[in-house]
Amino acid sequence: MNSLELLLSGFQAALTPINLFWLVVGCLLGTLVGILPGLGPPATIAILLPLATGFDPATGLIMMAGIYYGAQYGGSTTAILLNIPGESASVVTCIDGYEMAKNGRAGPALGIAAIGSFVAGTIGVIGLTFLAPVVAGLAVNFGPPEYSALMVFALVLVIMLAGDSLLKGFIAMFGGLFLAVIGTDLFSGQQRFTDGRIELAGGIEFIALSVGVFAVGEVLVNIEKESNKQVFQVPSGIKNLLPSWGDLKKSRIPILQGSVVGFFIGILPGAGSTVASFVSYILAKRMSKTPEEFGTGSIEGVAAPEAANNSETGGAMIPLLTLGIPGSGTGAVLLGALVIYGLNPGPLLFTDHPDVVWPIIASMYLGNVALLVMNLPMVPLFAKLLKTPYKVMYPGILLISVVGVYSVNFAIFDVWLLVIFGLLGYVMKKLDIPPAPLVLAFVLEPIAENAIRQSFLLSNNSPLIYLERPISAVLVALTVLLLVSLSFGRSRDVRKQVVEIDD
Amino acid sequence: MPALTRLSSGLAVAAAIATLTACGSGGGGGGGGSADAGDAPSRTEVITHNDVGGGSDVFTRQLIEIMSDNDIIDRQWPVQNVPAGDSIGAMSYMIDREGDPDVIAQMTPTWIATPMTVEDVDVSVDQLTPIALVATEPQVVAVKAGSPYTSLSDFIEAAEESPGTLVQSGGSSTANDALTRLVLQESTGAEWKFLSFEDTGSRITALLRGDADIMMGSASDFSELVRAGDLEVVTVIGSEGLEMFPDAGTSEEQGVDVADAPVQFRAIVGAPGMSEEAVSYYQDRLSQLVETDDWQTLTSEAGLVTDYRPGEDFATYLEEQTTIIGDLLDGLGLRKDQ
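Line order of the protein sequences matches chains A and B. Counted from 1, the first sequence has number 327 at position 327 by my numbering; the numbering is strictly sequential. Counted from 1, the second sequence has number 101 at position 101 by my numbering; the numbering is strictly sequential.
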């Protein structure tokens, strides 16, 4: 049987009332945990695992997968409305999404996120259906030199997120790199900058950092302004609460481009949706007719990363289902669930258990439709939330932030970190240093550092290993091109900024 | 000075969050240890130091499911994941619940090694109440299919001929596979590189890609890839083979001495000062567990060896393993607890 026939048999199996019911439950739960920062999909699936192990494996896994991609849909909501990036994949969405909300365009931003997520999620599953065996090799062929090169390339792109000031981008990036170094060194087992604190042995909690510098920092800046001035403009009329035809037309290419980028980066274990989201953001900016709008509330700047982090799910399922290798925290939980069901995830899963794998894949098509139907009508309601006076809203934002951060490890220490990073976010905002490069560099540093050290161990400290392997050689070439275009293309601007700061 | 007032209003919000935090911690603490010390267990929770989906987490859930399916326990015990500090957080959690008959944990040798490598840590396994060892998990040695090394001794010989060129992929420097490498290098004089990866998947792809020549891990890490013909398991560390890998000899048969290597084991421990009543309650259930057919299936599929040792026997075993691991870490200069 070919993929299409197997998929159709999967649809037959997935389209039972009981499977559909748990699919909708999974998507709904996923949306909810995606909206609230903190309790992420892995923890949610964990709570439901005892319940789900009582189900038929296909039913249980359909629900769990629904939580996984449902959370990717929901993640954009708090990012756009409240500047709270609940997970690393939403950091980039905050940049233009929150600006749009401030400009009174929260509805179109949320709407395009839902539509983009639907299109991209579906494209990702199509890729999973027809390309899985072909592209699985990519997950294996990406070794330490390839990851090092990809991460260095990504870090250069991160600086470009800074907008106009490369210098400030550099400062933010190095801040993020430093914060990521705190913790236990994988290679030597030594503690780095932990000051003997056990809470820091595992490193700084991501949510405390991202929610601190984005959401808490933003609140601190807003409440010192004149309290009567509205932070958000909210237009009346349902027409302004959804994307217009013009918005959709403008977002078409970023969504398609983001879907493809997200799918392929999603296949690489570890790199995942974060890298996918900002690579596609920068690509969209480069391809846009109006790149100057990026950073000030561009709808393309929301469409591209949201598409990328949703098609990533389809890509990330490939190494999980074809090799038994999870690409992310959620992937690891799904792998655990497969083991608990006695399904032995590995290269033979597709041949041994087509009756489980294909219904899951088929359910992902259905789940994407369900999520669109669930999310789109909510958009005007969410957008209207911003009519709430800020005096009432900011305690709510702080509460969501504190509860969210606390719920990750149930550690008060993390909440103190949130306070510290909130103040950092405030100071950065005052100095006009962008927070996105800091948070993204923080996510990339461990992958980059480990991969670089692994590469040098393999090559006996010869950097030639980066040129000897074809994939990494291509990535190194791209990075060099990017650096050249950055230094010569904008050299005058950069010099001007440096002079200004010297004054 | 408007700037100063602004800053102070910012600080006021920060202080408000801090107050919220303090309230939270007060409330949380109250909810924890409500059971009276000395009571029989009534609402057991099982701690694991893994995130959901990790090896220990999955094993803990399987163990509970078997006990529940076989009516050894009347409801599924909830699993509590406390991944902070790679076992240190889990131990602190238990030490905070001293005397609580409802708090048990599934421990592994990480619980011995990790606190030894962190400065100023005041938690250790000997504060906890030993309940029983349930199984050991022999490490196996895997290579890519078609590799020139058909045994661990082959690999060691090759490493002796060209020191420092071959590569083993594995976990952190204090993990069991890394410590076993140290023991082998010490006893044979051979030298090879150790490539650390955080997750098992990356260790395996390094092998598949040819970046690494061997990998040590638990049988379940490799079983499916062996079945698919991508990997081969060439050696089982120790003196007894595994039925899962009938073609793999033991390290003893291959003349490789690993007596000083730490053993990967799975055991159950209780909160400090747990009553004897509670300890025997759990031992009773665990002794029934290891007799069930489902347990036999689980152990043979996961490559575990049942080694049930309750109470004192387990305490002695823990002491032995603590000495082995402590000496190895000392030799590495990683010991920080002394």
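Misleading hints may appear alongside valid ones.
Facing chain A, according to a computed beta carbon distance under 7 Å, are these residues of chain B, among others [said to hold, decoys possible]:
(1) M116
(2) L195
(3) G201
(4) R209
(5) D293
Because the hints were derived from the structure by calculation, they are not lab data. Note that CB positions come from ideal geometry on N, CA and C, so glycine has one too.
Here's how the hints hold up against the structure:
The beta carbon of M116(B) comes no nearer than 10 Å to any beta carbon in chain A, farther than 7 Å, and the hint placing it at the interface is violated. Interface hint at L195(B): satisfied, since its Cβ lies 6 Å from the closest Cβ of chain A, which is below the 7 Å cut-off. Given the 7 Å rule on beta carbons, the hint for G201(B) holds: about 4 Å separates it from the nearest Cβ of chain A. At about 5 Å, the closest approach between the beta carbon of R209(B) and any beta carbon in chain A falls short of 7 Å, and the interface hint on this residue holds.
Nearest Cβ of chain A to the Cβ of D293(B): about 14 Å, over the 7 Å cut. The hint is violated.
Consistency with the previously given hints fails for numbers 1, 5, ordered from lowest to highest.
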